[in-house]
Amino acid sequence: MRMNMLNKKFLLTIAFIILAVLIPVVIKAPYQLHILILIIIWAIIGTSWNLLGGYAGQVSFGHAAFFGLGAYSAGLLTLHCALSPWWGILLGPLVAALAALPIGMICFRLRGPYFALAMLALGEIFRLVFLNLTDFTNGAKGILIMPAITNKMFYYYTGLGMLALTLLATYLIVNSKIGYYLVSIREDQDAATSLGIPTTLYKNLALLPSAFFTGLAGAFYMNYVAFIDPNIVFNLTNVSVMVILVVMLGGVATTWGPTIGAAIYIFLGEYFRTTLGSANVLIFGILVCLIIMFLPNGIAGELDLLKRLTQRKKASLSGGV
Amino acid sequence: MLLGQTIICGLLLGGMYALIAIGMTLIMGVMKIINLAHGALVMVGMYVTYVCSKNYGIDPYIGMFIAMPVLFLLGCLIQKYMINRLVEVDSILPENQVLLTVGIMLVLTEAARLMFKSDYRSVTTSYSSDTVFLGAMSISVPLLIGFFIAMVFTLLLHLFLTKTDIGKSIRATSQDRDAAVYMGINSSKITMITFGIGAALAAAGGSLLLPLFYLFPDVGHLFTAKSFIITILGGMGSTMGAAVGGLILGLSESLGATYINMGYKDVVGLVIFILVLLFLPGGFRSLVKR
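Listed in order, the protein sequences are those of chains B and E. Using this note's numbering, count along the first sequence one by one with no gaps and you end on 307. Using this note's numbering, count along the second sequence one by one with no gaps and you end on 391.
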């Protein structure tokens, strides 16, 4: 029974990968590819956030800090060292993870809503500092680079590879001992501590990869979009909060939830923008409210729940008591 | 003289921040959630006052008495039909209600953007550029009026919370909801009223700040940040703590803007916030108790 389910999941994953790899054979228009690339970027950020926020239950309102650090690592390399921004793909995640160390040390002293607020404050501090260090970061003028590669197909496959890496890393972490510890911290931190789990250490172990991959998405964003400024990449509403909503939409603490959420977010955004004009974010906000109220664990999360409910029904029927 | 001017301006501005933050601290105390839509409520209040002033020529300080009931009603509706529903919902993340307030913030902000565009607006009154001189220090009149009205409201709210039945029920619910329910307090009605009062205070603070700030749909984020900083500074759920916290935030921002750098003005507040969270988690209220 269990093997069967695993097989099914495995086959679905394989099918999904083949589909993702073959999509550009059908879709060649730059605009459609652009949308797919945006989905990939958001899926990477969402998956990384989900590791910390969904599995470990540490809701971070400051992931823009890591995204922005990744993006600025790539941008500043080009600005100051005249290196290709692609080196940022290596440096960006490392910088974000390094920054996550002290951030984790500070913020994991706090719990629940206090943690959320401290992360929010830190994210804003990064934005304001990058905005005001005009000599180093160009301030609100931002950084503009001339991309060497303009072929969207290339970006699509690079991004897809990064997303696969992120999903794989998250999957491995979540299904290892660390993953179980993280879930136990989410469910009851005091109980976890009393069982001898070093909760702060494991929260940091969730934060580091989370920051790493968010930084990766940031560096990739810099390379792809070729323009950043602090108000774009360190934005509280459009990055930090939006990533939470994307994950909520797709499914908290599920492997594919963030990717589904990212796809819905980008597709709906694009669709509403063409049909409704400036009302697109409003409709998205209403949708988020409805999802939180009626499907509190997101679309993928509630699918699992529904499945479990029907299975329990069958089990109790066959039990016959 | 510069120092005196900086201190006075900071304190006056802080008094108005405090009024907004008191609304948030009330909600936080009773419902135990962070209301990230609070700034958006301030923004809606400001727009109501703005429309009154622009279309009907009503002075912002009078328009505020229209904005407050409107926001009270809006707050009650949001609490009753949206946030309260989540109390019974079973979800993975305990912060679901907080995330819902984020969604509400998004909806309110975007609705405002749809109606009023992203343009920066301001209300000018006959006295908005007047100043009074205190020795060599000049103080703007709207700042002074706003501060005094804010202080009057704070005092009235304090009396309301300590002297009236509803006020006492609100305090009881925020201390121990279960015990309050045992004493026959209708806790869902009380939370609804509290959210309404919080929203009305947000509107009052917003209207008082209207002659001083530019108004645009995203202005709410600024006030959300300020009011949660103040709430933590003063200690969660403490009205007087929030009043003191407001004054401190206003003062530190004003000092930071004058002596460090205008751009780093908001960083000062955020750094103080993190330091207080880490080293004085109970806020300034815990200092008084000791």
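Please note that a few of the clues may not be correct.
[What the hints assert, rightly or not] Below, computed lysine to any residue pairings styled on SDA-like, alpha-carbon distance capped at 20 angstroms:
no., chain 1, residue 1, chain 2, residue 2
1, E, K181, B, L262
2, E, K218, E, N287
3, E, K181, B, G255
4, E, K366, E, K181
5, E, K218, B, L262
6, E, K218, B, G255
These are calculated hints, taken from the structure and not from any lab test.
Hints versus structure:
With a C-alpha separation of about 30 angstroms, the suggested pair K181 of chain E and L262 of chain B falls outside the 20 angstroms cut-off, and the hint is violated. At most 20 angstroms may separate the alpha-carbon atoms for a hinted pair to count; K218 of chain E and N287 of chain E exceed this at roughly 41 angstroms. In summary, the hint linking K181 of chain E to G255 of chain B is not supported, as the alpha carbons are separated by about 29 angstroms, beyond the 20 angstroms threshold. Straight-line distance between C-alpha atoms of K366 of chain E and K181 of chain E comes to about 37 angstroms, which puts the hinted pair past the 20 angstroms bound.
Between K218 of chain E and L262 of chain B, the direct Cα distance comes to roughly 15 angstroms. Compliance with the 20 angstroms bound is thereby established for this hinted pair. Taking the CA atoms of K218 of chain E and G255 of chain B, the gap is about 19 angstroms. The hint holds against a cut of 20 angstroms.
This entry does not satisfy hints 1, 2, 3, 4, going by the numbered hints stated previously.
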